[in-house]
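Colleague: Turn these sequences into a full structure, and let the hints steer you where they fit.
Residue numbers (the working numbering), protein chains in the order written: chain W, 167 to 295; chain L, 230 to 553; chain D, 10 to 284; chain B, 730 to 1391; chain H, 125 to 270.
Hints are supplied without guarantee of correctness; some may be wrong.
Using C-beta positions, here's what the derived DEER-type ranges look like [to be verified]:
{"no.": "1", "chain 1": "B", "residue 1": "1343", "chain 2": "D", "residue 2": "104", "range": "57 to 63 Å"}
{"no.": "2", "chain 1": "D", "residue 1": "10", "chain 2": "B", "residue 2": "1063", "range": "41 to 47 Å"}
{"no.": "3", "chain 1": "H", "residue 1": "186", "chain 2": "D", "residue 2": "115", "range": "46 to 52 Å"}
{"no.": "4", "chain 1": "B", "residue 1": "1301", "chain 2": "W", "residue 2": "184", "range": "51 to 57 Å"}
{"no.": "5", "chain 1": "H", "residue 1": "156", "chain 2": "B", "residue 2": "862", "range": "37 to 43 Å"}
Derived EDC-like pairs: lysine to aspartate or glutamate, alpha-carbon spacing no greater than 16 Å straight-line [what the hints assert, rightly or not]:
{"no.": "6", "chain 1": "D", "residue 1": "209", "chain 2": "W", "residue 2": "278"}
{"no.": "7", "chain 1": "B", "residue 1": "1129", "chain 2": "W", "residue 2": "245"}
{"no.": "8", "chain 1": "D", "residue 1": "209", "chain 2": "W", "residue 2": "271"}
{"no.": "9", "chain 1": "W", "residue 1": "231", "chain 2": "D", "residue 2": "212"}
{"no.": "10", "chain 1": "D", "residue 1": "246", "chain 2": "W", "residue 2": "280"}
{"no.": "11", "chain 1": "W", "residue 1": "231", "chain 2": "D", "residue 2": "210"}
{"no.": "12", "chain 1": "D", "residue 1": "250", "chain 2": "D", "residue 2": "223"}
{"no.": "13", "chain 1": "D", "residue 1": "168", "chain 2": "B", "residue 2": "1126"}
{"no.": "14", "chain 1": "D", "residue 1": "168", "chain 2": "B", "residue 2": "1071"}
{"no.": "15", "chain 1": "D", "residue 1": "211", "chain 2": "W", "residue 2": "203"}
{"no.": "16", "chain 1": "W", "residue 1": "187", "chain 2": "B", "residue 2": "1126"}
{"no.": "17", "chain 1": "D", "residue 1": "23", "chain 2": "W", "residue 2": "280"}
Which bits of chain W does chain B cover? Going by a derived footprint, with three or more residues having C-beta under 8 Å, they are [stated by the list, open to error]:
{"no.": "18", "region": "182-193"}
{"no.": "19", "region": "196-209"}
{"no.": "20", "region": "240-247"}
If you're looking for bench data, these hints aren't it; they were derived computationally from the structure. Ideal Cβ positions, reconstructed from N, Cα and C, are used throughout, including at glycine.
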Amino acid sequence: MSEKKKQAELIEEISGVNPLKCMKCGKCSATCPSYNEMDIKPHQFVSYVINEDVESLVNSESLWKCLSCFACVERCPRDVKPGKLIDAARQMVVRQRGQAYLSPDEIPELLDPELPQQLLVSAFRRYRR
Amino acid sequence: MQELINRAKELLDNGTVARVLGWKAGDLPYDPEPAYFETAESLKDFVYNGFCGANLSKYMIEASKLEGKTLVCLKPCDTYSFNQLIKEHRVDREKAYIIGVGCKGKLDIEKIRNQGVKGIESIEGAEITDEADMLKIQTIYGERSVAYADAMLERCHVCKGKEHKIFDEQIGESKETKDGERFDEVSRIEKLSPEEKFAFFQKELSKCIRCNACRNVCPACSCRKCVFDSNKFDSSQKANVDSFEEKMFHIIRAFHVAGRCTDCGECSRVCPQGIPLHLFNRKFIKDIDELYGEYQAGDDTDSKAPLTNYTFDDAEPSIVGKRG
Amino acid sequence: MKYSYYPGCTLRTKAKDLDDYARASAKALGFELEEIEDWQCCGGVYPLGTDEIANKLSCVRALNAAKEKEQELVTVCSACHHVMKRVNDDMRNVEDIRTRANNYMELDEPYQGETEVLHFLEVLRDKVGFDELAKKVVNPLKGQKIGAYYGCLLLRPGKILAFDNPENPKIMEDFIRAIGAEPVIYPYRNECCGGYISLKEKDMAKGMCDKITESAEGFGADMLITACPLCMYNLNKSSKKEIPVVYFTELLAEALGVKEACAGAAGEDEKEVQA
Amino acid sequence: MQRIGVFVCHCGSNIAATVDVSKVAEMALMEPGVVHAEDYQYMCSEAGQAKIQDAIHEKKLSGIVVCSCSPRMHEATFRKAAERAGLNPYMVEIANIREHCSWIHKDMEEATKKAVILMRAAVAKVNLNTPLKPGESRVTKRALIIGGGIAGIQTALDIADAGYEVDIVEKTPSIGGRMSQLDKTFPTLDCSACILTPKMVEASAHEKIKIYTYSEVEKVSGFVGDFTVDIRKKARSVDMDKCTGCGVCQEKCPSKKAPSEFNRGLNNRSAIYTPFAQAIPNVPVIDREACIKFKTGKCGICSKVCQAGAIDYEQKDEIITEKYGAIVVATGFDTINLDKYDEYAYSQSKDVITSLELERVMNAAGPTHGHLERLSDGKAPKEMVFIQCVGSRCSDDRGKPYCSKICCMYTAKHAMLIRDKYPDVNVTVFYIDVRTPGKNFDEFYRRAVEQYGVNYIKGQVGKVIPQPDGKLLVQGSDLLDNKQILKEADMVVLATAIEPNPDVRKIATMLTASIDTNNFLTEAHAKLRPVESPTAGIFLSGVCQGPKDIPETVAQAGAAAVKAIGLLAKDKLLTNPCTAHSDELLCNGCSTCENVCPYGAITYEDKEVNDHGIREVRRLAVVNSALCQGCGACTVACPSGAMDLQGFSNRQIIAEVDAICR
Amino acid sequence: MSIENKSFRPKIVAFCCNWCSYAGADLAGSSRLSYPADVKIIRVPCSCRVNPMFILRAFEKGADGVIMCGCHPGDCHYSTGNYYARRRMTLLFSMLDYIGVENGRTRVEWVSAAEGVKFSDTMNSFVEKIHSLGENVRLGDLRCRN
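Modeller: This is the structure:
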């Protein structure tokens, strides 16, 4: 099996998503609040996985713009739920050491006294292993 | 017992019933047998004690064909069988006058014998009114005593309850006898390896002498003619000792009563070879409960039986392998 | 009536008042929140990966603790609630996760999702009843026009959280009515505030919060309520509008007349923490 | 003992290439009862059949085994051949040595061995076969149509024109159905009422057609050719014979707050009402839930103003029992409930409507008298957005997995009509795919784009956001531009998925007709028998079988009529002889079999039997062989083995088992 | 296929309902999808016609495996037959498992008339399973008489 295919299968396995169920209606992208910040749009995530181009996905800015707000998960009519694919791609990045989106030294300057723990905890979960 | 006899006399006298279906004393103190009593005088032989395990429901199939009503004495567990027979249109409710009799657990003479009690002459403490926890047994070797609970039938240790499911009147108190879980033994066997299971059942079934006692006593085995006696399923080799039915008899019998068996335990009680036949029926009951929802045959007279019912999302047969 | 209670880390610190008001209101309404012993942080986000087990164990522990006490488990924080319900759903319905989590946990009896997880609002709706709540209100918040801000975590995925209609919820509106105020329905009440993104992408969060507050004000809201410390932070911090945002428990405590009592206590705790 | 002939077919080389056919014939002669065996090139050919017939005569055969292709192929052929030679056709059995043997095995020895075993099993079975005779049942020459929409009307007219009596049962107060609610029809844009009303009139005037409106089917018993149906005629509270249809009662009725079903609840109607002006019959009904007289006992105005004295508050539901030979289901559809699609703000904004509601808005008799206006404030819209596939093509449990089929076309129709009548209104359509197979259909859609300038955007809408100023912000995808767009609209129209009328479940159960997971009635064969239910005597017309537009519905209605006529034209029906029957001496009368019979074919009778000299009356199972379809569920349920299935008896199957395991 | 060479040739009885599974087997045939010749099919009108006694009979007569195929639940030609069959077979198989008969010797598979591939795949895997279990001795030997 080619490396590309393995990567695509891995992302399907982590996410539990079957991208072939997608009918390309674009409701995910119509729904996404972060759409404009994304370089690869939610609906494109699905076709990237089908086309085994996981490389582009893990290098995508979109991973760090997705809010995990589950709006696309809720509204997807085909049970594809691109949000899960995005999260899986993010997992693939953060599971490789040193690829974290958030480095420890940049944290102090991001903090402010009112910032709730919840924010830090969830950002860490999203950004780092 | 006397209260029961008095009431029976009364009902015979005033013409409510034409006969009484109960138990009469046998030759030995521990073998009363089912009997009809048609006159007040004959009731002198009537007994009702701890050895009256026999379930009289099945006799009502024939009694339903007789003129007039039959007074029948049913213990709480027997009423399930009666209900089930109503559901199957085998007995006529109108032909029965049911006295729900109290029960404090029924005795198993084999259990007494197994405790080394031989040469029994008389037994005290088996009367339904006796409060004693011990049975006093006079033997030719002297007096012995055995705890009542230790002499009880297996089915009484997992009693379904004191409630009569159907009756016209009730006489006598019932006692809680349950001290075990009904499906424990089935669960234990389920956990064995296939080899162990097979060894267990092969050993038990090899004792069978095909005397048909189980079939004859079973209230669910009430077919006019049993499939094992008709030629509907067999093509030719009827007399072959190794024939189909010989081997599969108990499995087929259990399947035929699955969903209809009330777990009255009569089959095991009457088996002269002591085969725990109820383990087959209880396995089906346990599976039905687990797969299709709790179901107690004879609880009522109109619910749909599990094998004549279904849901769209019933378990697939492959669940058997998955459950392990 | 006693419930197991999982406050979560933010309610221990920055959102202490969300917690205090909840406890005080519970008392006033006649139920008790028994804090689970030695609870651990839920992690703030539900790990979506099908192979994530370790990150879910803190929730399983809390859920099992409630099971052992034969109590329902109550949460107040939206994030904790979200994570807890979804982990519980996994334990009920995803065999692989259930088996593996139980292998880690080595409990006497495996945990299989027996515990019922309830949000404080669900307790108000399903256990207390909004009609009953309305009867216990001593200071009805008459004349206040309040917008409910649900955010994402309480509602989605609708099938698993089963909290309310995810596209057109009404539980908070009913709550607002019960405490005597007037709910303002606006379309952005279930849109995301930006969540954790505000740590690094301040502008994005700002854009989203602006949409929410503008829409709420446009429909006439004077105030927003939320159940989530992070939403609260973002809406306060990132929106150009200055519409006040408060925890729903604060209004509840106020309506029930127990606000003053616990405000003092909260203040003291704060001091201790600072000291 | 039977005298059995075994005939082994080569099927050219299809069988003979892998099975040693002469060996099979040779081995057959060693089987008990076999007195003749031969092999031949093509048994199904005329020469092959002649061989069978000759052998029947010469060898006095009582049973036949043909080792050949699947019985699904040629069982009927060989049975007929045997019958022509004077043998009972049910004395023929097939051993399938082609599909189940020669075609799937390569090794000659192995395939031959298996073919021999299959032959033995068939011989063992034939040894126990008994001649069977199909029963006969009569045909009542009247058809029942359930549903009075265009499908039901068309089927009724076609059957009636062939000279048979037809009754239509319609649940609502008038026939006409969904089509009567439509404004214009695609692809010709003619007025729906103009083409439907004449049909309605024709049906009501037809001497062979009887129409029961405001009525429902309550109970169905019987079987093909001889159904007995109870029809509940709900109390109309108006005497149909006396009413002149003047309409004064509706005008004077003080209770005018009931939502109009016909106008999809967009406006209100009086408590006494006819659903629409062209209703047939033109006799109103009193909605007792809304009527002040029925609620409080006071009022009675309608009765006072009715000069014909037709108002009858005492009227009761009436049950009519009638016999039918054929039943046609034409129950139609409704749009799905949109509760699960609140992202489109249907329940939050009055200006978000379904397409069917738009039909009423566009219709001159509708709530806005045909003016296109916002239902919230009556203002004329400038921007209209149409959203396609709302609830269609959804594999989650919110919507329907199928394509509703009609939406693409009616949306093009709506867009075109709006652009034509209100050129200053901009129309945008969000679509996933535009599906327009059909004569003149794609041309129609292209006209909407090219001539009328309708803006089609490929992409679904994520959310409709009501604005404080009353406008609607539509947030959608433009997949071709790869953009998320926010479009301000005055009205949004949802192409809502259609689903079978919810009543169809109940009706299907009464008819024992099968339905699929989406509640569409199942056809007997998806391609070859598309208008028949698998249940004999039940036919399907219109959307109850699957999404359809009007031309397709009318075509199917005609086809269903032809099938029904084909049945009604027969005087007698032959029934399948492979039915269950109960051995009276073994039957316990326990009702177990009755509980599993899907056809209600088993009843119980008290019958006197002579059981080896004992005469007694027993409760016994009796199988109605005209109803029994021969599934065999009862045979296994029967604890005593009294119930058995002809043609597949216990002993026959056991003989096959024994032969295979020998 | 490799198992064709082994010396043990199991006896396998397959009950197929006339409307779906028998037609599925026909389709497997006309598509030339092979499966071992050990499988012999008995045609029954519906899976609900299969009496547990037939299955026990087959085992008693030396069958090594018995498989029953019917229409998919919901697609039964007689609407409900396979629902009853499903319960009956589940309970029977459970009982056989309980008395120590290897569970893999019995199987139920829903095969539609369109599923020729599934039919042949099912038969291949079932025969393979029976091969791995070897000859059926237990049911033929349940009651050992001295």
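Colleague: Each hint should be assessed against the structure and marked as holding or not.
Modeller: Now for the hints, and whether the structure bears them out:
Restraint check, residue 1343 of chain B to residue 104 of chain D: a C-beta distance of roughly 59 Å satisfies the suggested window 57 to 63 Å. For residue 10 of chain D and residue 1063 of chain B, the hinted distance range of 41 to 47 Å is satisfied, since their beta carbons lie about 44 Å from each other. Between residue 186 of chain H and residue 115 of chain D the C-beta distance comes to about 48 Å, which sits within the given range of 46 to 52 Å. Restraint check, residue 1301 of chain B to residue 184 of chain W: a C-beta distance of roughly 55 Å satisfies the suggested window 51 to 57 Å.
The hinted range of 37 to 43 Å is satisfied by residue 156 of chain H and residue 862 of chain B, whose Cβ atoms lie roughly 40 Å apart. Restraint check for residue 209 of chain D and residue 278 of chain W: satisfied, since their Cα atoms lie roughly 12 Å apart, inside the 16 Å limit. Between the alpha carbons of residue 1129 of chain B and residue 245 of chain W the distance comes to roughly 13 Å, so the proposed pair stays at or under 16 Å and holds. Of the pairs offered as hints, the one joining residue 209 of chain D and residue 271 of chain W holds, with about 13 Å between alpha carbons and a cut-off of 16 Å not exceeded.
For the suggested pair residue 231 of chain W and residue 212 of chain D, the alpha carbons sit about 11 Å apart, so the restraint of at most 16 Å is met. At most 16 Å may separate the alpha-carbon atoms for a hinted pair to count; residue 246 of chain D and residue 280 of chain W meet this at roughly 9 Å. Between the alpha carbons of residue 231 of chain W and residue 210 of chain D the distance comes to roughly 8 Å, so the proposed pair stays at or under 16 Å and holds. Restraint check for residue 250 of chain D and residue 223 of chain D: the C-alpha separation of about 7 Å stays at or below 16 Å, so the hint holds.
For the proposed pair residue 168 of chain D and residue 1126 of chain B, the alpha carbon gap of about 10 Å is at most 16 Å, so the pair holds. Among the hinted pairs, residue 168 of chain D with residue 1071 of chain B is consistent with the structure: their alpha-carbon atoms are about 15 Å apart, no more than 16 Å. Distance check on the hinted pair: residue 211 of chain D and residue 203 of chain W sit about 12 Å apart at the alpha-carbon level, within 16 Å; holds. A distance of roughly 15 Å separates the Cα atoms of residue 187 of chain W and residue 1126 of chain B; the hinted pair therefore holds under the 16 Å criterion.
Restraint check: the Cα-Cα separation between residue 23 of chain D and residue 280 of chain W comes to about 7 Å, which is no more than 16 Å; the hinted pair holds. With a threshold of 8 Å between beta carbons, the proposed coverage of the region 182-193 of chain W by chain B holds, since 6 of its residues qualify and at least three are required. Given a C-beta distance limit of less than 8 Å, the hint that chain B covers the region 196-209 of chain W holds, as 7 residues qualify and 3 suffice. Coverage of the region 240-247 of chain W by chain B holds in this model, with 5 residues showing a Cβ closer than 8 Å to a Cβ of that chain against a need of three.
Going down the numbered hints, you'll see the structure goes against none, and every one checks out.
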